[in-house]
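Protein chains: 2
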Amino acid sequence: MFMGASTEEGKLIAEKSRIIVKSLIKDQIEEIDPTEADIIERIVHSTADPEYAKLVQFHPKFVENAIDSLKANEDILTDINMVKSGITQYDGDVDCFIKNDEVIKIAKEFDITRASAAIQYASDIGFKGIIVIGNAPTALFKAIELFESNKLNVKAIVGAPVGFVGAADSKEALIHSNIPSIVTKGPKGGTPVAVASINSLIRLVKLNY
Amino acid sequence: MFMGASTEEGKLIAEKSRIIVKSLIKDQIEEIDPTEADIIERIVHSTADPEYAKLVQFHPKFVENAIDSLKANEDILTDINMVKSGITQYDGDVDCFIKNDEVIKIAKEFDITRASAAIQYASDIGFKGIIVIGNAPTALFKAIELFESNKLNVKAIVGAPVGFVGAADSKEALIHSNIPSIVTKGPKGGTPVAVASINSLIRLVKLNY
Numbered sequence: 132m133f134m135g136a137s138t139e140e141g142k143l144i145a146e147k148s149r150i151i152v153k154s155l156i157k158d159q160i161e162e163i164d165p166t167e168a169d170i171i172e173r174i175v176h177s178t179a180d181p182e183y184a185k186l187v188q189f190h191p192k193f194v195e196n197a198i199d200s201l202k203a204n205e206d207i208l209t210d211i212n213m214v215k216s217g218i219t220q221y222d223g224d225v226d227c228f229i230k231n232d233e234v235i236k237i238a239k240e241f242d243i244t245r246a247s248a249a250i251q252y253a254s255d256i257g258f259k260g261i262i263v264i265g266n267a268p269t270a271l272f273k274a275i276e277l278f279e280s281n282k283l284n285v286k287a288i289v290g291a292p293v294g295f296v297g298a299a300d301s302k303e304a305l306i307h308s309n310i311p312s313i314v315t316k317g318p319k320g321g322t323p324v325a326v327a328s329i330n331s332l333i334r335l336v337k338l339n340y
Numbered sequence: 132m133f134m135g136a137s138t139e140e141g142k143l144i145a146e147k148s149r150i151i152v153k154s155l156i157k158d159q160i161e162e163i164d165p166t167e168a169d170i171i172e173r174i175v176h177s178t179a180d181p182e183y184a185k186l187v188q189f190h191p192k193f194v195e196n197a198i199d200s201l202k203a204n205e206d207i208l209t210d211i212n213m214v215k216s217g218i219t220q221y222d223g224d225v226d227c228f229i230k231n232d233e234v235i236k237i238a239k240e241f242d243i244t245r246a247s248a249a250i251q252y253a254s255d256i257g258f259k260g261i262i263v264i265g266n267a268p269t270a271l272f273k274a275i276e277l278f279e280s281n282k283l284n285v286k287a288i289v290g291a292p293v294g295f296v297g298a299a300d301s302k303e304a305l306i307h308s309n310i311p312s313i314v315t316k317g318p319k320g321g322t323p324v325a326v327a328s329i330n331s332l333i334r335l336v337k338l339n340y
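One line per chain: the protein sequences are R and P, in this order.
Quick note: the first sequence uses the working numbering, first residue 132, plus one each step.
Quick note: the second sequence uses the working numbering, first residue 132, plus one each step.
Any given hint might turn out to be false.
[What the hints assert, rightly or not] In silico SDA-like pairs for lysine to any residue, Cα to Cα no more than 25 Å straight-line:
1. Lys230(R) / Phe189(P)
2. Lys259(R) / Asn284(R)
3. Lys239(P) / Asp232(R)
4. Lys202(R) / Gly297(R)
5. Lys239(P) / Lys259(R)
6. Lys202(P) / Lys230(P)
7. Lys142(R) / Lys142(P)
8. Lys316(P) / Gly257(P)
9. Lys259(P) / Thr219(P)
10. Lys337(P) / Thr138(R)
11. Lys259(P) / Glu161(P)
12. Lys337(P) / Ala145(R)
13. Lys316(R) / Gly297(R)
14. Lys316(R) / Phe241(P)
15. Lys230(P) / Glu140(R)
16. Lys236(R) / Thr138(P)
17. Lys236(P) / Asp222(P)
18. Lys142(P) / Gln220(R)
19. Lys185(R) / Asp242(P)
20. Lys142(R) / Lys337(P)
21. Lys157(R) / Lys147(P)
22. Lys147(P) / Phe241(R)
23. Lys230(R) / Val336(P)
24. Lys337(P) / Tyr221(P)
25. Lys142(R) / Ser154(R)
Everything labelled a hint here was simulated from the structure, so no lab data went into it.
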């Protein structure tokens with residue numbers, strides 16, 4: 132199983148794509164850690180956008196912390212259901228609380244986005260694991276705020292919120308927070324980037340990396 | 132409810148984003164049909180990538196056919212579950228058959244991708260409506276093949292498969308098929324593009340467009 136392909140035709144397409152991706156971004160990946168290179172390749176494969184190879188930035192402890200958490204089958208928390216539904220090969224739990232009744236109540240009470248309230252709720256119920264954000268800057272800001280006040284047991288964050296309002300700032304704040312993370316600098320990001328990043332690591336863990 | 136925002140904070144972010152998006156792509160949208168412009172704006176909002184305004188191409192009957200189908204609550208068929216889970220406001224059915232047992236059997240028997248087998252399966256069970264493709268070129272090729280042999284009752288296609296192998300070709304084939312469609316020309320596309328396109332139309336229908 133490689134990049135979601137489960138048939139011969141699917142595997143051939145994925146292999147051919149891998150070769151094209153490597154040739155497009157070889158200057159950005161030839162001298163970096165192979166696990167980080169694998170993540171970048173998979174992001175470019177998923178978006179067909181080589182610019183991501185220049186936008187991705189890793190905290191030095193991201194890969195190690197994320198792999199430890201995945202090996203322990205800790206929870207993965209996503210900001211929206213689209214991200215959750217792309218994470219299909221994990222043995223642990225993949226949660227998204229954005230439609231939870233309690234979350235909708237928190238959002239109304241504090242007049243914050245549901246995505247932000249969902250992170251608050253995760254903290255309230257004792258979440259431990261990796262947070263994967265593919266959409267909402269407000270969720271990322273909330274995660275940083277809770278981490279910094281010791282209220283969120285997050286081991287690593289995939290920070291790929293997208294948009295022209297807040298996304299770039301939220302990723303700069305993540306870099307400065309010192310939470311082990313991967314981010315795509317600037318406005319770009321999104322669900323395929325977030326899913327590609329975490330799925331690369333899940334596959335490595337399954338291969339007994 | 133605008134672009135998924137349901138709280139005051141969310142609405143403010145969406146409005147601010149809309150203004151930025153309009154200013155970034157005004158040359159591409161100022162002289163086109165307002166519904167097509169709305170779709171393009173929403174794609175750029177969802178990807179934070181203004182290049183999409185240059186890549187999007189509409190068949191002249193796409194908007195009309197898609198809106199008629201949505202008004203009649205016909206089915207929406209997606210290639211992968213990530214696309215399905217992004218379409219949250221539709222009153223009709225949103226289907227994705229990629230994990231269906233029969234589809235897995237068809238894929239093995241004919242050695243085709245599951246995404247392609249899922250379109251075959253939809254044809255077999257008498258699907259009627261709109262197909263939304265955010266990932267798999269093989270699904271799009273299969274839809275065109277079945278349409279051309281009068282075996283698929285598809286009213287419109289959102290064609291946003293992504294990748295360096297087959298995606299661009301599948302979208303060229305869609306343009307030449309004369310199926311009412313929206314495509315993103317070239318390798319780029321993906322689930323956010325697909326979801327943004329159909330959600331823009333679903334919202335317009337709800338507003339009694």
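Inset, instruction - Return the numbers of the hints above that this structure violates; sort them in rising order. - result: Of the numbered hints given earlier, those the structure breaks are 1, 3, 4, 5, 6, 7, 8, 10, 11, 12, 14, 17, 18, 19, 20, 21, listed in rising order.
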